[in-house]
Amino acid sequence: MSTDRYSIFSVLRESLRGHSGWKPAWRDAEPKAAYDVVIVGGGGHGLATAHYLASRYGIRNVAVVEKGWIGGGNVGRNTTIVRSNYLLPGNIPFYEHSMKLWEGLEQDLNYNAMVSQRGVVNLFHSDGQRDAYARRGNAMRLHGVDAELLDVAELKRILPMLDFDNARFPIKGALRQKRGGTVRHDAVAWGYARAADGRGVDIIQNCEVTGFRIEDGRIRGVETTRGFIGAGKVGLACAGNSSRVAQMAGLRLPIESHVLQAFVSEGIKPFIDTVCTFGAGHFYISQSDKGGLVFGGDLDGYNSYAQRGSLPTVEDVCEGGMALMPSIGRVKMLRSWGGIMDMSMDGSPIIDTTPVDGLYLNAGWCYGGFKATPASGDCFAHLIARDAPHLVATAYRLDRFARGRTIDEKGVGAQPNLH
Amino acid sequence: MRIACPHCGLRGVDEFAYFGDASVTRPAADAAETAFADYVYLRDNPAGAHRELWSHALGCQSWLVVTRDTRSHAIETVEAARDVALARTSEAQS
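Residue numbers (the UniProt record's numbering), protein chains in the order written: chain A, 1 to 419; chain B, 1 to 94.
Don't read these hints as lab results, they were simulated from the structure. Please read these numbers as outputs of a predicted model, since none were measured by experiment. Treat the hints loosely; a few may be bogus.
Some residues of chain A that are not near chain B, with every Cβ distance over 12 Å (derived) [claimed, not checked]:
{"hint": "1", "residue": "R118"}
{"hint": "2", "residue": "G217"}
{"hint": "3", "residue": "R226"}
{"hint": "4", "residue": "D346"}
Estimated spans, in silico, between C-beta atoms of each pair [what the hints assert, rightly or not]:
{"hint": "5", "chain 1": "A", "residue 1": "F228", "chain 2": "B", "residue 2": "G9", "range": "51 to 57 Å"}
{"hint": "6", "chain 1": "B", "residue 1": "G9", "chain 2": "A", "residue 2": "G68", "range": "37 to 43 Å"}
{"hint": "7", "chain 1": "A", "residue 1": "A29", "chain 2": "B", "residue 2": "Q93", "range": "55 to 61 Å"}
{"hint": "8", "chain 1": "B", "residue 1": "L86", "chain 2": "A", "residue 2": "G413", "range": "26 to 32 Å"}
{"hint": "9", "chain 1": "A", "residue 1": "G413", "chain 2": "B", "residue 2": "A87", "range": "25 to 31 Å"}
{"hint": "10", "chain 1": "A", "residue 1": "S327", "chain 2": "B", "residue 2": "C8", "range": "35 to 41 Å"}
{"hint": "11", "chain 1": "A", "residue 1": "A29", "chain 2": "B", "residue 2": "T25", "range": "45 to 51 Å"}
{"hint": "12", "chain 1": "B", "residue 1": "L86", "chain 2": "A", "residue 2": "L418", "range": "26 to 32 Å"}
{"hint": "13", "chain 1": "B", "residue 1": "L86", "chain 2": "A", "residue 2": "N61", "range": "56 to 62 Å"}
{"hint": "14", "chain 1": "A", "residue 1": "T225", "chain 2": "B", "residue 2": "L86", "range": "41 to 47 Å"}
{"hint": "15", "chain 1": "B", "residue 1": "T25", "chain 2": "A", "residue 2": "G413", "range": "30 to 36 Å"}
{"hint": "16", "chain 1": "A", "residue 1": "N61", "chain 2": "B", "residue 2": "V40", "range": "37 to 43 Å"}
{"hint": "17", "chain 1": "B", "residue 1": "T34", "chain 2": "A", "residue 2": "D357", "range": "17 to 23 Å"}
{"hint": "18", "chain 1": "B", "residue 1": "G9", "chain 2": "A", "residue 2": "A323", "range": "30 to 36 Å"}
Not the full set, but computed from the structure, chain A residues with beta-carbon under 7 Å of chain B [to be verified]:
{"hint": "19", "residue": "Y302"}
{"hint": "20", "residue": "S304"}
{"hint": "21", "residue": "S310"}
{"hint": "22", "residue": "V314"}
Cβ atoms here follow ideal geometry from the backbone N, Cα and C, with glycine treated the same way.
Please put together the full structure from these sequences, using the hints given.
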């Protein structure tokens, strides 16, 4: 609508005009009285849903309502890693669908999201873990996903800085997914917002949902801080706060909210050109294009809506880093931050209808929501538009817990802080 | 965050292990299957005061019920889980 198409020519043209001709990438829309679909939550998943509703499923009379500003939640608070190295049948096709959408994302959105398929390397440290990773790699390959088992010699070529002969956790090899990597997280929110706006979607910021209007078991609209907005259908995409929002519609969810921290070091010269995860503790690391080491680890472990973490977890994550690559010991930590995760009871997400007609739920992303953004948006849009689940998301039902069909990648049961 | 253990005093959170919502109670053995599913899986997950189970795992190993604000992490009360359970039982009997 209001935006130009970005290309080398538009960049050259604007460079000659002192960059005075760029238009805002999306409109700051005022809420209309009613929409066909209202999406609650202007994060990555909500904006992606709006984009796919408009571009793939032909529903353009859509609003995304966001309590703060778009991209101010977890889509701007993660460690930007994308991968599809899952084990269980319910998960692999979904995350591979997501990976394929990442691969075509920039062309689809006409937006530079800095998709970088630099590879994801999961280290193993024992024979038992080698078997587990070989099995995972085989499951991936059977589903048509790329995976390769690396030996120590190959690994030393890729990641020479690792502490291979660590006395307690010697490194025996790794499972690599070459197509995995990183994507510039903020640009994902902005790119989806711009593309959705371009197709007529209203993005309404500073508009918090305060209640739902439900008549005879059917959704009629949302009460917000900017007044009532009528809606034929409402989709919830507010992970982190799903329980709080769903409660307003009378739903109780199999979810606990937990805080997950992430960290960035000062910028250093090129050091690590892939994503690497420690197999003997919980630690993962990559390097941003600015040079900062981006890393993270475990949840703090107790229910929280505070968006900030505690020091014992900082220490634990940094110990993991030191056990893996002692050479980062003198690098200063620049920033740390916390995001609120929807930790579901089996560690897998929910994309489903609810007992309220016309109210749809997209929740429970645990700390794997960023990589799922495109597929989550596509599958949620499919569900809202057609009232039927997308083929790759049929396992993500809300009733799977009561029916004993949980998707537990980690196998720890109904303890959300352990997934 | 620090938790005031009734037996050991104020101790760092890394001495404690978390076991989630303390307000859910196990249904009677003859309750419907849905009651058990709700008990195992569904949580209120409030933004605000939350009663939760902690174990002083690296201290005296006692079980505690902590009432904590999930928005600020401020702790309101710490009770011995045994006392909470006994009070619940005597309430049910009276």
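> Between G413 (chain A) and A87 (chain B), is the Cβ distance one that fits in 25 to 31 Å?
Replying inline: 29 Å, holds
>> Assuming the hint says 37 to 43 Å, is it satisfied by the Cβ distance from G9 (chain B) to G68 (chain A) or not?
In response: At 40 Å between Cβs, range holds.
> Taking 56 to 62 Å as the hint, is the beta-carbon distance of L86 (chain B) and N61 (chain A) inside that range?
Replying inline: 58 Å Cβ-Cβ, so the 56 to 62 Å window holds.
> Against chain B, does G217 (chain A) keep a CB gap of more than 12 Å to every residue?
Replying inline: Nearest chain B Cβ is 19 Å from G217 (chain A), so the label holds.
> Regarding T225 (chain A) and L86 (chain B), is the given constraint of 41 to 47 Å on their beta-carbon distance met?
Replying inline: 45 Å, holds
> For the hint on V314 (chain A), does the least C-beta distance to chain B fall short of 7 Å?
Replying inline: It is violated, given that the least Cβ distance between V314 (chain A) and chain B is near 11 Å, above 7 Å.
> Between S327 (chain A) and C8 (chain B), does the C-beta distance stay in 35 to 41 Å?
Replying inline: With Cβ atoms ~39 Å apart, the hint holds.
> Given a hinted range of 55 to 61 Å, is it respected by the beta-carbon distance of A29 (chain A) and Q93 (chain B)?
Replying inline: Taking Cβ atoms as reference, A29 (chain A) and Q93 (chain B) lie about 59 Å apart, which means the hint holds.
> Cβ-Cβ distance between L86 (chain B) and G413 (chain A): within 26 to 32 Å?
Replying inline: Holds: the Cβ-Cβ distance is about 28 Å, inside 26 to 32 Å.
> Does the hinted range 51 to 57 Å hold for F228 (chain A) and G9 (chain B) at CB?
Replying inline: 52 Å, holds
> Does the Cβ pair T25 (chain B), G413 (chain A) satisfy 30 to 36 Å?
Replying inline: Violated - the Cβ-Cβ distance for T25 (chain B) and G413 (chain A), about 19 Å, lies outside 30 to 36 Å.
>> Against the range 17 to 23 Å, how does the distance between the Cβ atoms of T34 (chain B) and D357 (chain A) compare: consistent or not?
In response: 21 Å, holds
Of the numbered hints stated above, those contradicted by the structure are hints 4, 15 and 22, listed in ascending order.
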